[in-house]
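Quick note, the sequences are listed as chains C and B, same order. Residue 146 in our numbering sits at position 146 of the first sequence, with consecutive numbering throughout. Just remember that our numbering sits 348 ahead of the position in the second sequence, which is counted from 1.
A hint or two may mislead.
Straight-line distance between alpha carbons at most 30 Å, and here's what the computed DSS-like set of lysine-lysine pairs gives [claimed, not checked]:
#	chain 1	residue 1	chain 2	residue 2
1	B	Lys568	B	Lys542
2	C	Lys200	B	Lys542
3	B	Lys553	B	Lys542
4	B	Lys383	C	Lys340
5	C	Lys340	B	Lys667
6	B	Lys596	C	Lys200
7	C	Lys287	B	Lys383
Hints listed in this document are in silico derivations from the structure and should not be mistaken for laboratory results.
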Amino acid sequence: MPWSRIATDQNEPEFFRENELPGRRITYAEAIREGLRQALALDERVFVMGQGVDDPSGMFGATRNLHQEFGRDRVFDTPLAETALTGIAVGAAMAGQRPVYFHNRPDFLYLAMDQIVNHAAKWSYMFGGAVNVPLVLWACIGRGWGSAAQHSQANQGMFMHAPGLKLVMPSTCYDAKGLMLAAIKDPNPVLIIEHRFNFKQKGLVPEEMYTVPLGKGVVRRPGKDVTVVGVSHLAMDAFHAAQELAAESGIDAEVIDPRTLRPLDEELILESVRKTGRLVVADTGWKTGGVTAEIAAMVAEKAFKYLRAPIKRVAAPDLPTPSGHTLESAYYIGQPDIKKAMIEVMAE
Amino acid sequence: MNIVAKTRRDMLFSMLRIRRVQERIEADYMQDRMKTPVHLCVGQEAIAAGVCATLRRDDSIQSNHRSHGHYLAKGGNLPALIAELHCRSTGCSKGYGGSMHVVDVSVGHLGTSSIVGGGIPIGTGIGLAFQMQKSDKVSVIFFGDGAADEGVLYESLNYAMLKKLPVVFVLEDNHWAVCSPRSTRQVADNVFLKGAAKDLLFAAKIDGNDAALVYQTAKKAVDRARKGQGPSFIVCDTYRILGHAGCKAQDPAGYRDTCEIDAWACKCPVDTFRAACLADGTVDQALLDEWERDIASEIEAAFRFALESPLPGPQDLHKHLFSE
Ligand SMILES: Cc1ncc(C[n+]2csc(CCOP(=O)(O)OP(=O)(O)O)c2C)c(N)n1
């Protein structure tokens with residue numbers, strides 16, 4: 001699959017940055033890998049597991065060659081037994097280890113749904129806080145080249161529904177590292193869902209260890225006319241759409257990247273909507289009962305009187321992903337759809 | 349058990365045809381016209397061909413991401429397969445599925461999952477339906493050693509034994525799951541070879557590159573299933589000659605020993621069986637030459653058909669989510 005031939009690495013755009021440490025430019029995969037490497041070196045309870053973490057591609061580069069440095073006791077391949085291995089990671093986490101379990105696609109997490117939702121997410125609550133599960137799960141959404149219905153699902157909506165699970169969707173190299181370290185540090189189960197498109201980016205990343213707090217979103221572009229919430233790589237698409245719109249018609253959009261969907265930084269979104277009175281929410285997952293539905297409902301509940309136009313959602317159609325490239329291009333949403341939605345809410 | 353000459357000829361033809369189709373896909377892949385992640389089965393043809401030679405058209409198979417050989421051996425339509433790889437509306441899945449999701453209901457092929465192990469319980473359920481319908485049809489499930497890591501294999505086998513279902517589980521042990529050797533995933537031979545009582549499960553481990561042996565073993569299993577005597581589990585030792593996905597140029601270097609690949613290439617199932625068939629007079633060189641010409645023109649026609657076929661468009665996107 002010539003993923004690498006589809007587009008070359010690109011520098012992240014010059015978006016608004018606040019409270020970020022200075023860094024040097026590295027790739028998205030290098031950023032995650034650096035975070036993992038530092039966590040493995042700092043804390044001997046941390047270990048990395050997953051199908052192919054030690055193979056030549058090393059999870060698109062995120063885990064490449066870590067087994068050489070830390071040994072196969074701490075960075076190891078697993079059988080294709082997602083159900084049991086998730087439970088095994090849960091057990092190891094309860095008993096004092098800090099597992100980071102990698103999957104190259106979130107589609108395979110469905111095999112582990114029982115251990116994730118029935119067990120990991122409930123354990124602390126079910127026993128009155130007696131036992132916690134410091135587990136990190138990681139998976140990367142695929143897209144394109146006929147990945148089709150079972151290898152390209154953006155299923156964050158399913159996981160956002162489950163209380164007791166933290167859900168992270170980074171969009172920059174800086175956050176990919178900082179959120180990985182925050183997830184490992186967190187005493188609870190945390191699911192990080194990445195997107196293959198992010199892996200084409202290069203961004204500014206500090207060499208030292210740092211965490212990006214779970215539950216804190218970020219403004220990628222301040223603006224006053226319309227709020228756009230963009231999840232994962234759609235934060236970048238929203239940023240580009242906003243820049244285009246500003247240049248073409250002077251519409252000044254505020255772009256918010258929530259970074260974590262659970263806990264969700266509600267206040268950041270509400271504060272922006274109170275200012276702009278208009279909201280577009282963009283997510284790579286399905287529309288019905290998904291992330292855009294949740295964010296739109298939250299704003300309708302908590303900031304209805306500030307809204308000057310109906311909320312617009314930009315999300316994947318309620319369909320499995322088709323494989324053919326012509327169907328794929330009809331299926332996927334991105335920058336043009338976000339721009340169109342912004343124009344529409346501005347016209348209301 | 350002697351295999352009649354016609355069956356031997358059909359098997360050899362089937363293997364050759366699968367091989368030539370794979371080679372053509374491989375050769376064309378870098379052109380980027382097949383925008384789908386292909387998983388080629390070069391080196392494993394004897395299993396698909398040998399097992400399917402024991403089946404009737406109305407028997408069923410479940411396959412996996414490495415789907416082309418099973419599909420063709422069961423009698424799946426070649427132009428529809430090639431059109432599917434080219435994302436065309438004339439493809440077997442009308443361009444919605446791609447290489448990992450092929451189907452041909454007319455030959456008992458009810459669709460393919462790309463979730464490893466996904467077809468195992470489904471094939472078991474097809475066996476349950478056959479039993480409920482009081483038919484003597486058989487359900488065969490092809491899966492890899494990677495799928496044998498999944499717990500669902502245990503659950504399905506247990507159920508098939510419990511209900512004496514007409515199901516044949518065919519494990520194609522090609523030693524690798526992507527870049528993971530079996531030794532990092534399994535400790536020894538699969539437990540089912542030693543675990544279950546003979547009357548519950550017919551189990552065998554065989555050389556999966558020996559087409560005649562595959563046929564003979566599958567025949568026992570299929571006959572047993574047809575007579576309502578229950579499931580079988582056949583482990584076929586084989587090897588994936590090409591990379592996990594894509595073409596040769598896309599197989600990453602370094603994860604497996606090139607000597608290992610060379611050694612298995614010497615045990616090529618197609619070469620071995622062709623030589624045996626020539627030696628015992630099942631075929632002669634003239635027939636082989638004729639077959640090669642026929643296969644080449646059939647493949648040429650299938651690719652032409654695919655490239656001349658229409659692509660689906662936005663108007664098709666919302667079709668087929670539900671059956672009308
Ligand atoms: C449940 C699940 N886990 C992981 C994957 C990714 N994956 C696709 S094919 C494959 C290897 C499968 O190995 P095997 O079953 O032996 O079949 P082979 O590719 O060797 O023919 C893996 C890990 C998947 N598709 N489904």
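Structure-based check of each hint:
A distance of roughly 18 Å separates the Cα atoms of B:Lys568 and B:Lys542; the hinted pair therefore holds under the 30 Å criterion. Between the alpha carbons of C:Lys200 and B:Lys542 the distance comes to roughly 49 Å, so the proposed pair goes past 30 Å and is violated. In summary, the hint linking B:Lys553 to B:Lys542 is supported, as the alpha carbons are separated by about 11 Å, within the 30 Å threshold. The hinted pair formed by B:Lys383 and C:Lys340 meets the criterion: a straight-line CA distance of about 29 Å does not exceed 30 Å.
For the proposed pair C:Lys340 and B:Lys667, the alpha carbon gap of about 25 Å is at most 30 Å, so the pair holds. Note on B:Lys596 and C:Lys200: the hinted pairing holds, with a Cα-Cα distance of about 24 Å set against a maximum of 30 Å. For the suggested pair C:Lys287 and B:Lys383, the alpha carbons sit about 27 Å apart, so the restraint of at most 30 Å is met.
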